[in-house]
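Work out the full structure, taking the sequences as your base and the hints as a guide.
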Amino acid sequence: MYRYDEFDHRLVAERAGEFRAQVARRLDGSLTEDEFKPLRLMNGLYLQLHAYMLRVAIPYGTLDGRQMRRLAEIAERWDRGYGHFTTRQNIQFNWPKLKDVPDILDALAEVEMHAIQTSGNCIRNVTSDPLSGVAPEEIEDPRITAELIRQWSTLHPEFTFLGRKFKIAVTGSEHDRTAVMLHDIGLQIVRNEAGEVGYRVLVGGGMGRTPMIAGELRAFLPKADLLRYLEAALRVYNLHGRRDNKFKARIKILVHERGIDSYRDEVEAEFAALDGSDLVVPADEELARITAYFAPPALPEREEAPAVLERVKRQDPGFARWVGQNTHPHRVPGYTAVTVSLKPIGAPPGDATAEQMRAMAEVAERYSADELRVTHEQNVVLPHVALADLYQVYRGLAAVGLDAANRGLVTDIIACPGLDYCALATARSIPVAQEIQKRFASPERQAEIGPLSIKISGCINACGHHHVGHIGILGLDKAGVESYQITLGGDATETAALGQRTGPGFSYDQVPGVIGTLVERYLELRQGRETFLQTYRRVGMEPFKEALYADAA
Amino acid sequence: MPMLLERGGETPERWTLIDEAAPLPPEGAVIVPLERLDEAIATGPALRLGLTLPNDASVTPLRPRFQRLALVRVVFPTFSDGRGFSLARRLRSAGYAGRLRAAGPLIADQFGHLLACGYDEVEVADAVAARQPAEQWLAALGKITRFYQSRPDAAPIAAARHARGA
Chain D
1 MYRYDEFDHR LVAERAGEFR AQVARRLDGS LTEDEFKPLR LMNGLYLQLH
51 AYMLRVAIPY GTLDGRQMRR LAEIAERWDR GYGHFTTRQN IQFNWPKLKD
101 VPDILDALAE VEMHAIQTSG NCIRNVTSDP LSGVAPEEIE DPRITAELIR
151 QWSTLHPEFT FLGRKFKIAV TGSEHDRTAV MLHDIGLQIV RNEAGEVGYR
201 VLVGGGMGRT PMIAGELRAF LPKADLLRYL EAALRVYNLH GRRDNKFKAR
251 IKILVHERGI DSYRDEVEAE FAALDGSDLV VPADEELARI TAYFAPPALP
301 EREEAPAVLE RVKRQDPGFA RWVGQNTHPH RVPGYTAVTV SLKPIGAPPG
351 DATAEQMRAM AEVAERYSAD ELRVTHEQNV VLPHVALADL YQVYRGLAAV
401 GLDAANRGLV TDIIACPGLD YCALATARSI PVAQEIQKRF ASPERQAEIG
451 PLSIKISGCI NACGHHHVGH IGILGLDKAG VESYQITLGG DATETAALGQ
501 RTGPGFSYDQ VPGVIGTLVE RYLELRQGRE TFLQTYRRVG MEPFKEALYA
551 DAA
Chain C
1 MPMLLERGGE TPERWTLIDE AAPLPPEGAV IVPLERLDEA IATGPALRLG
51 LTLPNDASVT PLRPRFQRLA LVRVVFPTFS DGRGFSLARR LRSAGYAGRL
101 RAAGPLIADQ FGHLLACGYD EVEVADAVAA RQPAEQWLAA LGKITRFYQS
151 RPDAAPIAAA RHARGA
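So the sequence lines, in the order shown, correspond to chains D and C. In terms of the numbering used here, the first sequence has 80 at position 80, counting the first letter as 1, and numbering is strictly consecutive. In terms of the numbering used here, the second sequence has 132 at position 132, counting the first letter as 1, and numbering is strictly consecutive.
Keep in mind the hints are simulated off the structure, nothing from the lab. This list has only true hints and no planted wrong ones.
In silico BS3-like links for lysine-lysine, alpha-carbon gap of 27 Å or less:
1) K97/D <-> K37/D
2) K545/D <-> K478/D
3) K143/C <-> K37/D
4) K246/D <-> K165/D
5) K248/D <-> K478/D
6) K165/D <-> K97/D
7) K248/D <-> K165/D
8) K438/D <-> K545/D
9) K143/C <-> K97/D
10) K143/C <-> K99/D
11) K165/D <-> K143/C
12) K313/D <-> K438/D
Next comes the structure, spelled out in structure tokens:
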């Protein structure tokens with residue numbers, strides 16, 4: 001994985017020093033609260049419902065054991081003993097004190113981490129595929145591109161006061177695990193007809209109150225042009241994106257209002273006029289340097305089908321279920337990528353205690369080439385586990401309650417913090433997730449239902465990605481009472497789709513029963529091994545609607 | 001009179017701001033609004049010309065007049081409206097080589113960004129200058145010593161990295 005050299009170290013340390021001085025200038029009145037706000041946001045510091053929240057960047061979701069241990073220390077020393085992994089592959093601490101934040105940033109800088117641009121109207125932490133360097137079908141490790149973009153976008157002088165936040169994701173595989181079509185700019189590494197590797201550039205995707213699927217800006221962009229092209233795309237957005245209404249300020253609105261062809265024309269004209277003087281140069285040497293960091297780890301040869309694995313699976317059905325559900329094929333024979341589910345039944349989705357973080361670090365150091373990945377589904381991946389070591393990994397995780405065998409199943413729910421933490425929320429989300437999990441707690445039942453993604457947002461800003469849940473739940477406030485709208489058919493992958501509303505909303509208490517009804521109807525309707533999403537796409541909304549509202553009619 | 005800052009510190013104001021109505025002098029140095037540019041040019045070469053530009057202005061129609069302009073003053077309506085950063089880049093890449101001034105309620109923490117985007121000077125709003133004197137603006141410049149992007153006065157980190165290895 002990427003390692004800081006003295007230049008990266010110095011920049012992050014100096015940035016922490018800059019923020020320390022800004023906090024002091026806020027306290028002595030040099031900066032007003034309005035002036036300080038974007039500065040603290042660009043350093044990851046939000047003001048939440050009850051306290052400040054610090055969002056720490058995990059660039060493209062990759063970290064090592066030492067970094068995970070440091071997150072555990074921060075949770076214990078400056079927070080309440082836990083952290084929350086987010087849908088943007090970051091981690092949030094919900095209870096830091098403002099005066100401690102500079103010390104936390106120093107502690108992060110020591111292990112090559114920071115909170116730069118995890119919030120604010122700037123280019124946010126770049127996200128990528130948690131199975132980078134693992135997935136057999138991958139064209140190229142997308143983290144090389146993501147790191148290049150990280151450097152280019154960090155403290156970019158032109159793009160630090162954009163109209164709104166700007167999110168970029170990079171995937172190197174056709175099967176998309178990054179929600180690339182739901183980003184302001186999505187980059188898909190592709191090969192053209194000549195066999196050259198470059199990018200398919202997507203623009204204008206996003207969730208929030210006006211969800212949109214990204215359109216294609218360029219079918220093929222040569223690799224060498226990437227930063228120049230991004231610069232052109234961002235400049236056109238910065239100059240022409242709406243500034244009159246923050247809810248219409250994302251690039252998706254600009255692209256939608258002007259039309260993607262008109263936006264493309266402007267970007268291409270800007271791109272043609274750029275002289276390239278501003279790029280991270282010298283590009284070739286820098287790219288080679290970054291690429292070397294992402295060389296596959298030296299994995300010793302291990303048994304391709306260890307007898308011990310089959311034997312233990314027979315003896316321990318829980319382990320067998322976990323292996324079946326939470327592992328992913330690895331390009332190296334004898335290895336697998338393990339998903340550590342942060343969705344044990346009844347716990348807030350994405351939360352991990354300091355003890356759990358240390359256990360994940362320990363397992364990663366011993367059994368996964370000292371690497372961990374955070375996924376946008378709020379889980380953690382151990383990317384390089386030998387099949388023969390799987391049981392030890394399982395035991396290590398089970399000891400801290402992280403053995404849930406539910407990756408991609410009905411209880412692997414994404415939920416925003418909701419009314420429990422967030423100042424914007426209009427309804428609870430975490431307790432809704434917990435109630436649904438309890439209803440479907442039985443592992444056999446979950447396995448029978450199969451792949452089903454439920455995503456819950458506690459307001460229309462859609463941080464819980466409800467638009468792209470197979471079942472989406474949106475919590476609203478109707479005259480002081482929580483009301484939940486249900487959407488069906490959303491999809492965040494390469495077949496991206498936005499969910500459609502079933503009809504009138506439901507009360508908080510009704511939601512688990514509503515999900516139960518939808519699942520029952522699916523099980524009645526499905527043909528063969530059809531998933532929920534496949535069934536929905538075949539039969540449409542009507543049968544589900546009927547199941548939900550027949551009694552009321 | 002607003003505080004005027006350049007990289008090295010405070011600098012005296014040598015320009016007179018002319019509004020929509022005031023008469024144009026035959027000589028001297030004036031900054032005029034966009035709608036009076038042609039009139040000011042017609043006044044003759046004895047008048048040194050500066051131009052106040054709103055941050056949503058188009059650069060292309062100005063290109064033929066670049067030679068006549070000694071200063072362009074871009075107005076930031078609020079410090080968080082960052083269009084002026086991109087406008088400066090566009091002016092520079094279109095070939096404008098005169099002085100570039102940022103005006104508006106900008107804050108000390110943006111000084112480095114402004115210089116990096118091609119501005120030479122900042123006209124600090126009085127309300128901001130009262131809280132953020134020149135020392136804070138100059139101190140803000142020194143906080144971070146090297147960036148990933150190239151800047152008018154500094155090579156990017158990657159260049160330093162590979163120069164060292166070479």
